[in-house]
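Construct the entire structure; sequences and hints are all you get.
Listed in order, the protein sequences are those of chains A and B. Each residue of the first sequence is one higher than the one before, counting from 8 in my numbering. Each residue of the second sequence is one higher than the one before, counting from 20 in my numbering.
No wet-lab data here; the hints were simulated from the structure. Treat the hints loosely; a few may be bogus.
Unchecked claim - Derived pair list, reagent style SDA-like, types lysine to any residue, alpha-carbon separation capped at 20 Å:
1. Lys583(B) to Ala568(B)
2. Lys151(A) to Arg403(B)
3. Lys151(A) to Ser575(B)
4. Lys94(A) to Ser325(B)
5. Lys143(A) to Lys576(B)
6. Lys11(A) to Ser49(A)
7. Lys245(B) to Ser325(B)
Predicted model, so just to flag it, every value in this text is computed and none were measured.
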Amino acid sequence: MINKFEIILSDHLKNGGNIISLLQDTQEAFGYIPREAIDFFSREMDIAPSRFYGVATFYSQFRLKPVGQNKIVACCGTACHVKGAEKIINGLTRELALPEGEDTTQDGKFTLEKVACLGTCSFAPVVLINGTAYGKTGTDALLKAIRKLGKSK
Amino acid sequence: MNRGIVVRVCMGPAGIAAGGKEVLDAFQKSLSEAGIPAEVKEHCSSHQVGCLGLCARDVLVEVHMNGEKATYQYVKPDMAGRIVREHIIGGAAVQEWLTDSDYEQFYSKQFKIVLSDCGKFDPEDIDAYIAAGGYEPTREVLTTWLPDDVTDEIKASGIRGRGGAGFPTGLKWELARRSKSDQKYIICNADEGDPGAFMDRAVIEGNPHSVIEGMLIAAFAIGSHKGYVYIRAEYPLAVKRLRIALKQAYDRRFLGEDIFNTNFRFDIQIKLGAGAFVCGEETALIASIEGQRGMPRPKPPFPVYSGLWQKPTVINNVETLANIPYIIRKGAGWYASFGTERSKGTKVFALTGKIKNTGLIEVPMGISLREIIYDIGGGIEGGRPLKAVQTGGPSGGCIPSKLLDLDVDYESLARAGSIVGSGGMIVLDDSNCMVNMAKYFVQFTQSESCGKCVPCRVGTKRLLEILERITRGEGKEDDLDLLEKLSNGIKATSLCGLGQTAPNPVLSTLKYFREEYVAHIKEKKCPAKVCKELLEYFIIEELCKGCGACLKACPSKAITGEKKKPHTINPDLCIRCGACFEACKFRSVGRE
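Below is the structure:
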């Protein structure tokens, strides 16, 4: 892991102005920001870990916990909201039996993320499953796709 | 140009979501198999812009041949073969797949400046942009104008910031020009955080060079040598196209040192936003570029005096900057001839929600809401009655249907209790609950509040709690007065624009739809049947055939009943998800 952190850090100037892009690259590589990464960067750059945590917890893009094998992104933008996004999200949460306050299933198979807006409002409500967009969709079609993924490894 | 046959496939976000890539592949395959000398290429991410624009009909495909254009709508990959065979080889368009007459109506009331070139060429091809006159305005300005000429021209055009606040762009540039400093910055704000808006995304994906040109001209005007584009990481395609465009501009020496053989130099760097609505606020955006939590600071000093790294900084929205080359090319007078007395030019709106023709539109300022909704938008989906139009996103308000003849410009919308904002326009029908809408927006601003100042951090939380209480049926009689008082307090005392505008959705719905609030509080009813705690599901025995569809659909096992006999719903087990309501083909599930 440390090796990977070194490579990521080598792409950046070691100053506080680059914390966000550093964390973005880390998340790109690992799917989340491991605690070890923050400790490492903090030591190497001589910047307190709290600065990193401060940034990582402020921006919604960053996650501090590993992401599931399959990533479901549900859009909560206004257009999706008025077309029933809430109902879809409730349906997905029930199907995945997500523990209270968690976004990833216990077996690590699925992560359900909610985002503010994907900018594809004409296809509301929109859900991405592993990057594939399901637009103007009902819960049923999504559940089908998710159950299929659940059966595969 | 191979007999001049061009097939343009819409490949913007909605086009891709609808399968644009697959359609493009299918055309390429069909064409290569048929051995047709046609040029099939991505038609700029133009689907939301330029000639395509009508996202609701995606995937849109244009076939240009023999100087004529035909547009196909709802194209699927398996349709490519027949279009190639009958239209491109046979010369006869496939009539039943072509767009119909109201497709033209979608465009007839629009007037495109920012989007005028979007969709005409491949956004990844700088030569196509140059061939259409691109970078000529920059050359002219850099080689023959003085910086003051530029600020004068932009002031004369009357253009105001398209990001939401509507500050006069020329004045902003002039203030920054007069600020004395060794270093000044230009920032393009492409952190389009408003949910329900995708104008900036469309402009960058459809015509990224126009934004670069706008930045160059702004930089020359104020005397800056360094620019940033702060763009959302959630827009990967826009980021990609911008990167390509920047590289091309550097290769042609439109960026870097000695641009157009003058001694003017300018560099542009991309900064990816990490997801924070508050970063649309200028000082928060600056903090974010500096690598900090995106929290605003008090103004003054304004960024034009002390911004990024404490240097004079101009922050302009994508759409504002993309207008600049067109203003230079055609003149301030031409631009100012569109719009109203105080709102000049055109504005791009993302028209979405319960409307037939969802998509991206560009209209002259001052057009009426009615023209947008009915002439361009084609009316309400499913023929339901229009209830309201939400503009300005979480900082805006809901305009009721009775104000449909309102002119759309900065002043009129503000008078009606909303704002133009960045350009989201969401149409609501009678199945949308206005209390729920207010709750939705406050939920959003509450979770996006940076937490720095008390009125916003604590005030929006309390607002949300009251709204939640009302939608649960636990509202109190004096809640409405409390909402108003609290809202006005938050508006008056918050540090930045986020808090100052966060109560707008509450105040505007209270103003126009007070009776809906009252129904929630007094009668414990949601007239639009949205707030689920106030709904009760039941089976209408006379209509129930006992098919068991509802029983299967129910996730909480609240429905029981024998086959072919009327079923029943146990209200204690029912979680009011509405699954049975949707599953029943006989309309035998009722809700009150």
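Consistency of the hints with the structure:
Distance restraint check for Lys583(B) and Ala568(B): the Cα-Cα separation of roughly 11 Å lies within the 20 Å cut-off, and the hinted pair is therefore satisfied. Only pairs whose Cα atoms come within 20 Å are accepted, and Lys151(A) paired with Arg403(B) is rejected, the gap being roughly 31 Å. Annotation: proposed proximity of Lys151(A) to Ser575(B) holds, straight-line Cα distance about 19 Å (limit 20 Å). For the given pair, Lys94(A) sits about 46 Å from Ser325(B) by alpha-carbon distance, which is inconsistent with the 20 Å threshold.
Of the pairs offered as hints, the one joining Lys143(A) and Lys576(B) is violated, with about 28 Å between alpha carbons and a cut-off of 20 Å exceeded. Between the alpha carbons of Lys11(A) and Ser49(A) the distance comes to roughly 15 Å, so the proposed pair stays at or under 20 Å and holds. Taking the CA atoms of Lys245(B) and Ser325(B), the gap is near 15 Å; set against the 20 Å cutoff, the hint holds.
Of the numbered hints listed earlier, those contradicted by the structure are 2, 4, 5.
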